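A.B. asks: Chains H and V are the protein sequences, given in the same order. Numbering-wise, the working numbering puts 114 at position 114 of the first sequence, and it's gapless, one number per residue. Numbering-wise, the working numbering puts 82 at position 82 of the second sequence, and it's gapless, one number per residue.
In short, the hints are calculated from the structure, not lab data. Be aware that a few hints might be false.
To be verified - Chain V stretches covered by chain H per the calculated footprint, using a threshold of three residues with CB under 8 Å from any CB of chain H:
no., segment
1, 48-56
2, 141-153
3, 161-170
Predicted model, so just to flag it, every value in this text is computed and none were measured. Every residue gets a Cβ at the ideal spot worked out from N, C-alpha and C, and that includes glycine.
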Amino acid sequence: MTNHDAVVIGAGAGGGIVAKELATAGLNVLLLERGKAVTPADCRKDDLANQRTSALGAPFGPDERRNPRVAVDAKGNARVITVRDGGYNNNAACVGGGTQSYGAMAWRFLPKDFRMKETYGVPAGSTLEDWPIRYEDLEPFYEKAEYELGVSGDMSADPFHGPRRKPLPMPPLPPTREHEILEAATKRMGLHPFPIPMLRNSVPYGGRPPCMRCRWCVGFACEVDAKAGTQNTVIPIALSTGNCRLETQAIVSEITTGADGRPDGVTYFDARDRRQQAKASVIVVSGGAVESARLLLNSKSRLFPQGLGNHSDWVGRNLQGHAYSGATGVFPVDTFDDLGPGASVAVCDYNHGNPGLAGGALLCNEFIRLPVQAYNDVPPGVRSWGRQHKQFLQQNYRRTMGFRGPTQEIPVFDARVQVDSSVKDHWGIPVARLSGGKHPHTLEIAAAMASKAEAVLKEAGATQTWLNKAGPGLSGGQHQAGTCRMGDDPQTSAVNRYCQVHGAENVFVVDGSVHVTNGGFNPVLTIMAIAYWASDFVKREWKGTRFRGA
Amino acid sequence: MKRRDWIHGALLTGTLAAISGCGGTRARYRLFHEAEAGTLHALLQQLIPDDEIPGAPGANVMRFLDRQLARAYSGHLAAYRKGLEALNQSALLRHQAPFANLAFEQQELLVEGLEAGSLPPEPWGDLSQREFFRTVRTHTMQGYYGDPRHGGNVDAVSWRALGVPHPPVRGRDDYQFPKEPSKATAAAERTGP
Ligand SMILES: Cc1cc2nc3c(=O)[nH]c(=O)nc-3n(C[C@H](O)[C@H](O)[C@H](O)COP(=O)(O)OP(=O)(O)OC[C@H]3O[C@@H](n4cnc5c(N)ncnc54)[C@H](O)[C@@H]3O)c2cc1C
Ligand code: SF4
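When you get a sec, could you build the whole thing from the sequences and use the hints?
C.D. replies: Here it is in structure tokens:
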């Protein structure tokens with residue numbers, strides 16, 4: 001058994017930042033990560049085995065033989081599935097978590113994204129709510145994330161973003177061909193195109209080189225370390241303080257409680273499957289929205305018989321990702337220039353203010369679509385196999401562009417994570433059981449976003465376009481969020497505004513779980529900003545009570 | 001059309017090996033016996049035909065499947081065996097000949113039925129035709145459009161046919177690319193902010 005000031009569970013986006021903040025503040029931190037440490041040298045740029053297309057495996061975890069989940073379909077049928085199944089809603093399990101292999105779009109949510117109920121009212125059948133904090137509260141912490149990890153871009157042409165004190169620290173990468181075509185088209189339509197902000201070096205930054213613009217970015221690790229993840233930024237800083245110990249292949253099974261009923265540490269299984277105990281004054285749960293909920297639900301005690309923080313049955317609820325929707329178009333000229341990462345230009349004109357719709361999405365072009373990611377996206381009328389299909393791809397692969405975006409979801413209570421008492425993982429820990437679907441209004445917004453995207457492609461000169469609309473099934477996946485909602489009222493949330501579990505003041509949930517709503521944007525920069533915000537609170541409190549009880 | 005007849009003729013006379021370059025490797029399959037391999041080969045020719053450019057058979061998707069059904073796709077092996085047998089039975093029921101021996105158009109109609117789930121149910125038992133079609137189609141596309149290192153897409157033939165440079169010319173050898181501002185950036189600089 002070991003003793004620590006703080007134990008942080010999960011070395012992903014949220015956990016990596018908390019570990020660094022607490023270690024540099026002088027706390028003794030144990031950072032436990034169930035996955036392995038991956039280096040850029042491990043990156044094999046395999047089209048069929050990466051975190052986006054995991055047909056032959058998910059190299060950035062989790063290990064598929066050891067980590068099943070249960071997915072329940074709309075008819076109520078439950079299936080045991082592995083990470084390679086889409087229903088698994090995988091993100092990642094390795095040092096860096098999702099940030100090791102992500103696309104690295106670095107969005108701030110808009111001020112209205114924190115005030116969805118105030119802006120739109122509550123659609124029937126949804127748990128839509130305002131955040132207890134505002135954009136202004138997070139602004140300094142967004143900035144901190146942008147500067148400590150390194151974001152490139154230029155927000156000056158986007159009139160919609162919230163107030164910001166500083167510009168981004170690096171200029172954007174030079175535009176791709178798609179960017180040039182779409183920028184011109186959206187301007188003609190009176191929209192406001194600008195370069196997507198990216199956690200990716202466009203110039204040397206933080207001791208790491210700039211992007212070499214390769215073909216395999218999203219879903220892969222970066223060979224030259226130009227992508228900023230927590231694994232090559234804050235985690236090394238945490239370790240260099242000498243105050244933080246990172247243990248990999250260490251899966252936490254339970255948060256333990258002392259004789260007084262207070263949470264006092266964790267039980268975990270180490271790389272050799274030995275059961276270990278660690279005691280800590282502060283416990284930070286940063287396992288990602290599915291696994292954090294699972295861990296809390298698996299941590300039952302006298303004071304929390306339904307699982308830690310789950311006295312009001314809000315843990316695991318409101319699982320949401322994004323209802324990705326948009327359109328694809330074929331152009332008379334080549335639009336493919338093989339210039340990574342691909343995604344480059346965006347508009348935020350449709351995030352809000354769409355008549356009759358409670359929200360919207362940013363719309364942007366895509367990361368380079370590898371051939372194996374393109375074969376399913378053919379227009380209606382082209383058969384999905386045979387000579388026609390083969391020829392369509394041969395004639396149009398280089399002339400096809402997508403424009404799409406992450407439609408903000410209207411949260412629903414029954415989209416949820418539970419633990420399955422009958423199915424256990426390799427270590428005997430009950431696994432996550434996922435069920436529920438999207439709110440009907442989410443699908444309406446998504447359909448509208450698809451039409452907006454199609455109009456852009458038409459204006460850009462597409463000779464043929466077709467829609468890609470989100471389906472009704474549960475979403476979570478790489479943008480998973482919402483399962484431990486942040487709120488002032490313990491009856492309708494799991495944690496308070498500082499990510500502190502209601503009723504367990506020394507336990508924090510710091511990851512996508514706490515999102516009340518998930519913005520019409522990729523979520524990671526908001527997760528990072530919240531991690532800085534929550535760490536700031538923990539550090540201040542630490543100076544006072546040290547979380548050692550009243 | 002002419003080309004198709006020619007391939008179909010080749011199939012009938014058993015000279016496919018000569019044009020696809022892979023019929024001769026059948027003996028090397030670890031998982032498929034002769035009849036299964038013949039049916040699967042013909043099914044692949046339907047899904048992504050060899051024509052001017054090698055399709056799934058020519059790009060050795062057979063080898064890809066033979067490898068992956070022992071590894072990542074192993075959970076599907078039983079369905080493959082059952083489905084290939086059922087497809088053959090469906091061919092025998094309709095045409096009194098094995099699937100591999102049918103004319104291309106006859107095979108195509110059967111595959112359309114398979115995709116729609118509308119073949120006579122008898123040989124299929126509890127195996128869903130549509131599910132089987134979806135699985136084999138997905139795996140075939142992955143083998144053909146995926147990375148050559150896994151045994152299919154020989155010589156990156158599909159990538160080159162799509163116009164995707166292989167090996168890539170950007171992002172590795174030419175790390176400093178692009179040195180010059182692109183058209184849009186240059187234009188923006190000229191006109192000022
Ligand atoms: C291919 C891909 C592309 C993406 N692109 C973008 C993008 O462009 N922009 C964007 O904003 N977002 C993107 N994302 C999403 C982004 O990576 C996630 O939103 C983010 O990483 C979530 O942060 P988190 O802290 O909630 O969890 P994670 O980063 O998932 O970290 C959680 C960590 O906790 C570990 N863990 C879980 N349970 C336990 C346990 N019991 N014991 C020990 N360790 C545990 C996990 O192994 C994991 O490493 C992408 C993700 C992927 C995979
Ligand atoms: S596109 Fe750039 S950031 Fe992405 S993996 Fe390649 S070099 Fe790294």
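A.B. asks: Checking C-beta pairs, does the segment 161-170 of chain V have three or more residues closer than 8 Å to chain H?
C.D. replies: Coverage by chain H holds for the segment 161-170 of chain V (8 residues, Cβ < 8 Å).
A.B. asks: Counting residues of the segment 141-153 of chain V that have a beta-carbon nearer than 8 Å to any beta-carbon of chain H, does the count reach 3?
C.D. replies: holds (count 7)
A.B. asks: Are three or more residues of the segment 48-56 of chain V within 8 Å, CB to CB, of chain H?
C.D. replies: holds (count 5)
Violated hints are absent here; each numbered hint is respected by the structure.
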